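J.: Letter by letter, the chains look like this.
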Amino acid sequence: MLKLIAFRIAQAIPVMLVVAVLTFLLMHLLPGDPATIIAGDQADQASIDQIRRDLGLDRPVPVQLWHWIVNLAQGDFGRSLMLNQAVADAVKERLPVTLSLAMLAFAITLPFGIAFGVIAAVWRDTWVDSAVMILALVGVSVPNFWIAILSVILFSVTLGWLPSAGYVPLHDSFSGWLASLIQPAVVLALFQIGYLARMTRSAMLDVLDQDYIRTARAKGVAVNTIIVKHAFRNTLMQVVTVAGYILSLLIGGSVVIEQIFALPGIGRLLVQAIMARDYPVVQGTMLLLGFAFVFINILIDLIYAYVDPRVRYD
Amino acid sequence: MLQIENLSVDFRVDSGWISSVTDVSFTLGPRASLGIVGESGSGKSVTALSVLRLHAARNTRMRGRIMFDGQDLLTLPERRMREIRGRDIAMIFQDPMHSLNPVLTIGDQIGETLRIHQKLDAAAAQKAAIGLLDMVRIPDAARRVTDYPHQLSGGMRQRVMIAMAIACRPRLLIADEPTTALDVTVQAQILDLLRDLREEIGMSVILISHDLGLVAEFAERVLVMYAGELVEEAPSLTMFARPAHPYSEGLLKAIPSADEDVGRLYAIPGRIPDPGRRPPGCNFAPRCPLVQPACTAAPPPLATMEPGHLIRCPVRLAAMETTG
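Listed in order, the protein sequences are those of chains A and B.
Per the numbering used here, residue 1 is the first one in the first sequence, and the count goes up by one each step.
Per the numbering used here, residue 1 is the first one in the second sequence, and the count goes up by one each step.
Keep in mind the hints are simulated off the structure, nothing from the lab.
Please note: incorrect hints may appear among the correct ones.
To give a feel for the contact side, a few chain A residues facing chain B, derived at Cβ under 8 Å [as the list claims (entries may be wrong)]:
no., residue
1, 3
2, 6
3, 62
4, 64
5, 215
6, 220
7, 224
8, 310
Beta-carbon label-pair distances, calculated as ranges [as the list claims (entries may be wrong)]:
no., chain 1, residue 1, chain 2, residue 2, range
9, A, 233, B, 154, 16 to 26 Å
10, A, 103, B, 192, 18 to 28 Å
11, B, 277, A, 225, 51 to 61 Å
Since we're looking at a predicted model, the values are computed, not measured.
For each residue, glycine too, the CB sits at the ideal point set by N, CA and C.
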């Protein structure tokens, strides 16, 4: 098991390197120049050139890449061009917001998504199945910015139950934190619940048709036990895969939702940084997201090994 | 003990209901062995699954009666049926690869039957599972009991299936093509094991196979099914020595013989008609070497040729009567 973990982490290093280089190149391919943006509309060419020199942007791209990577290796993510702040600090400030939102949305998604999927599969081809699947379809089809706006109108404007925008840190007030996040988290979760329910249902239907389910019935096992013990454990592999994918999507920053609810998270930082051609921030954020994806994938592999003996013994 | 009367099974398809098994009747006493033979699609497995009511209920319609110990299994409430499954009637299946749950240990799966029906606790069930693994001759049972199915060979898995089935010492074991997916040498071992266990436990066995030779060797009596119907029923010896129905003859001829040097293996020409596309007269008429005009007009009845020997072929029956 330890060997597996070590192997997966070793595998992650080249992946991270590719992510780093690609983000760097992609940013430098974009038209637009941070120096021009920093200097403002009225600036003359000389001051723009001066800024470019100060930021090291006049050097050839491979040299810039080399410097960036050498600094990265020393744990230095560089300084933001727009925030006058170290990239690491800028990200550190915003990470709790995004993580809180992602975890809350994930915690809402998992039980509902799995339960709906299992219920639909168990009552397949009945009105229960149809009802759940129609709801799931609505969940994945309706754009979440629209639901977000409707939700704000109802819960924040009309009823006044929840704040419409802003973030309260967890260490300031738990209820404030929850109140500031519950609305965006539910809106985010709606889509993911629909997606997870559909995937769980199809995985479950697949398993319920397997020969070993018939074997269990032939032994006289009760229906509930068949579903929980014999069928559900076999669908877990696919559920875990989908859940991992959902978690990485959520951590990837819910750009639109953070924008609507004015949550100062990673997604918002990324958008601002791209707009401002703030290379170091974009690169640093992307690297962090890349790391999150790789980390979640390692986590999924470990859960596989726990769930499925065939993986464990390989 | 088991008495099947006029069992018919229909399945729902997109266009309505199609008949899979038509009007099958047979009886089986205690400590008896019965073979059911036929090609894929002959309805032999469907008949077997009906006894335990293992078809997907929403797509299946069953008529007739399946009397077991004086009660009709077809009208029994699901809860009562569940008590019978695994305790009085057990079943093993064709594909031991997929018939065991991949994420549960074999000890857990064998013990589960005992936990359900004899209310054993986990430790006692585990101990009993080791005993059962011994009984089906799996070496080193105490260590093997915590294995997962993927750690065992195909023959071992089928032994585990058998151990699971005999855990509660059922009175009837239905073995649905138990050796089809296995190597020939392993096949023989599994059949020997089934034969020994039948003696030991004193249960009746229904063996289902497409291999007439194998069935005739194992069982006292053989049923031959074709396109959802019984076409012949006879004691094994009779069936093997002088089958009466032209389909049974074909099946027997199709068994490759070791002492004859045949260039080509015999095969019955044509193929079994799909349910829903069965001919109006005798189902076998399109493939039959003895076919007469009357055969395609009306379905022939199952008739007694001699005591204990039934066939569904008026042509052969008439021929026998004139010669006999």
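J.: Name the hints, by number, that the structure is in violation of.
T.: 1, 2, 3, 4, 7, 10, 11
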